[in-house]
Amino acid sequence: MIKPIMDWLVYEIFKMPRGAILSEAVNFFLYDTVKIFLLLVVIIFIVSIIRTFFSPEKTRAILSQKKTYTGNVLASLLGIVTPFCSCSAVPLFLGFIEAGVPLGVTFSFLVASPMINEVALIMLWGLFGWKIAFLYIGSGLVVAITSGIVIGHLKVEDLVEKFEHKKVGSVALGAEMTVKDRIDFAREYTLDILKKIWIYVVIGIGLGAWIHGYVPADFLAKFAGRDNWFAVPLATLVGIPLYSNAAGVIPLVSALTEKGVALGTALAFMMAVTGLSLPEFLILRRVMKLKLLVIFASVVGIGIILTGYLFNFILR
Amino acid sequence: MKIEILGMGCAKCKQLVANAEKAVKKTGVQAEVVKVEDMDQIVGYGIMTTPALVIDGTVLSAGKLLSADEIVKFIGKKGL
Numbered sequence: 426m427i428k429p430i431m432d433w434l435v436y437e438i439f440k441m442p443r444g445a446i447l448s449e450a451v452n453f454f455l456y457d458t459v460k461i462f463l464l465l466v467v468i469i470f471i472v473s474i475i476r477t478f479f480s481p482e483k484t485r486a487i488l489s490q491k492k493t494y495t496g497n498v499l500a501s502l503l504g505i506v507t508p509f510c511s512c513s514a515v516p517l518f519l520g521f522i523e524a525g526v527p528l529g530v531t532f533s534f535l536v537a538s539p540m541i542n543e544v545a546l547i548m549l550w551g552l553f554g555w556k557i558a559f560l561y562i563g564s565g566l567v568v569a570i571t572s573g574i575v576i577g578h579l580k581v582e583d584l585v586e587k588f589e590h591k592k593v594g595s596v597a598l599g600a601e602m603t604v605k606d607r608i609d610f611a612r613e614y615t616l617d618i619l620k621k622i623w624i625y626v627v628i629g630i631g632l633g634a635w636i637h638g639y640v641p642a643d644f645l646a647k648f649a650g651r652d653n654w655f656a657v658p659l660a661t662l663v664g665i666p667l668y669s670n671a672a673g674v675i676p677l678v679s680a681l682t683e684k685g686v687a688l689g690t691a692l693a694f695m696m697a698v699t700g701l702s703l704p705e706f707l708i709l710r711r712v713m714k715l716k717l718l719v720i721f722a723s724v725v726g727i728g729i730i731l732t733g734y735l736f737n738f739i740l741r
Numbered sequence: 008m009k010i011e012i013l014g015m016g017c018a019k020c021k022q023l024v025a026n027a028e029k030a031v032k033k034t035g036v037q038a039e040v041v042k043v044e045d046m047d048q049i050v051g052y053g054i055m056t057t058p059a060l061v062i063d064g065t066v067l068s069a070g071k072l073l074s075a076d077e078i079v080k081f082i083g084k085k086g087l
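Chains as they are written, first to last, in this note's numbering: chain A, 426 to 741; chain B, 8 to 87.
Bear in mind the hints are in silico, worked out from the structure with no lab data behind them. Source: prediction; values computed, not measured. Treat the hints with caution; some may be incorrect.
[Stated by the list, open to error] Pair ranges (Cβ atoms, derived):
1) A:VAL467 x B:THR65: 37 to 45 angstroms
2) A:LYS492 x B:LYS19: 29 to 37 angstroms
3) B:ASP47 x A:ASP617: 24 to 32 angstroms
4) B:GLN48 x A:ASP652: 48 to 56 angstroms
The C-beta atom is built at its ideal place from N, Cα and C for all residues, glycine as well.
Please model the entire structure based on the sequences and the hints provided.
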């Protein structure tokens with residue numbers, strides 16, 4: 426539906442010659458931008474409506490006293506739908522631990538929640554197709570569940586910083602939300618996210634279109650093809666500081682896979698961008714000993730790297 | 008009346024402080040707006056999402072950027 430409109434715009438209105446590299450790049454850019462923004466508006470709105478039915482408090486009540494395995498699976502699934510922002514990571518972490526949510530189960534939540542987020546999924550769906558988007562959800566869940574189980578078995582509860590706080594004040598949160606409240610919340614949330622990411626999306630797609638048009642195919646095959654064993658760990662490491670730019674990174678990666686970057690490497694990179702975040706580690710340092718943070722990052726990092734190798738091996 | 012905004016310095020927390028100050032001006036009520044960034048205190052309130060609005064020691068909203076008008080309503084409910 427969007428494609429004919431963009432073709433018409435580029436070839437008839439802008440009068441750009443068909444088949445020329447510049448016209449193809451412009452066409453690619455317009456088509457992807459319009460498609461991604463349509464998807465972003467519709468899906469973020471729907472996801473935020475769903476989120477109004479889940480709150481960190483409800484999730485905590487469900488997870489409290491849950492055993493390993495069931496708890497880890499539930500925590501990872503709830504991580505997808507519970508609203509979470511890395512700026513609240515600390516009160517959330519302490520809130521979970523104090524309510525008796527096991528440490529490993531809490532970690533499953535902390536991994537799944539940022540990694541499987543709607544923006545990353547929309548970008549993957551729009552640029553790679555639904556199969557890759559589902560592959561991403563599936564492998565994200567496996568990484569979150571196993572990381573939590575592993576950390577749970579390591580018995581590292583003593584590495585949580587002791588927190589001395591006295592209870593102050595009481596909590597009297599408002600009544601259940603009405604339908605109008607939910608819609609208002611979703612509208613605000615959608616606008617909020619779009620305001621934050623639109624520039625990265627446009628720049629990412631723009632660079633992607635440029636790469637699509639001007640970089641020779643297989644240019645990167647030698648460096649990041651599936652036969653290059655160190656491409657996966659390297660991509661994972663590079664992804665860690667790129668946290669806030671998941672929206673801009675995915676269009677770039679999409680273009681790079683056309684130029685020879687193996688898909689497993691690309692998936693590992695995207696999981697590292699969303700799941701391992703430097704700013705979140707800095708915040709979490711206040712409640713975890715450095716050793717626990719290193720364990721957390723290593724376990725998740727190894728999970729992501731193995732996922733990358735696995736898909737490079739399968740997707741031939 | 009004491010209005011506290013709990014949050015560790017995120018953009019939304021700062022905006023909520025500004026909105027609370029606006030709300031206080033609108034109602035003309037005698038109130039001080041205090042920013043609480045200390046984690047022990049934030050956790051002590053038992054909330055898991057920030058920013059949060061606290062009036063006279065009671066958490067009335069958490070994890071939501073309230074508009075000045077919404078805060079005015081909370082101030083009104085507290086009975087000036």
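Tell me, in ascending order, the numbers of any earlier hints that this structure violates. Violated: none.
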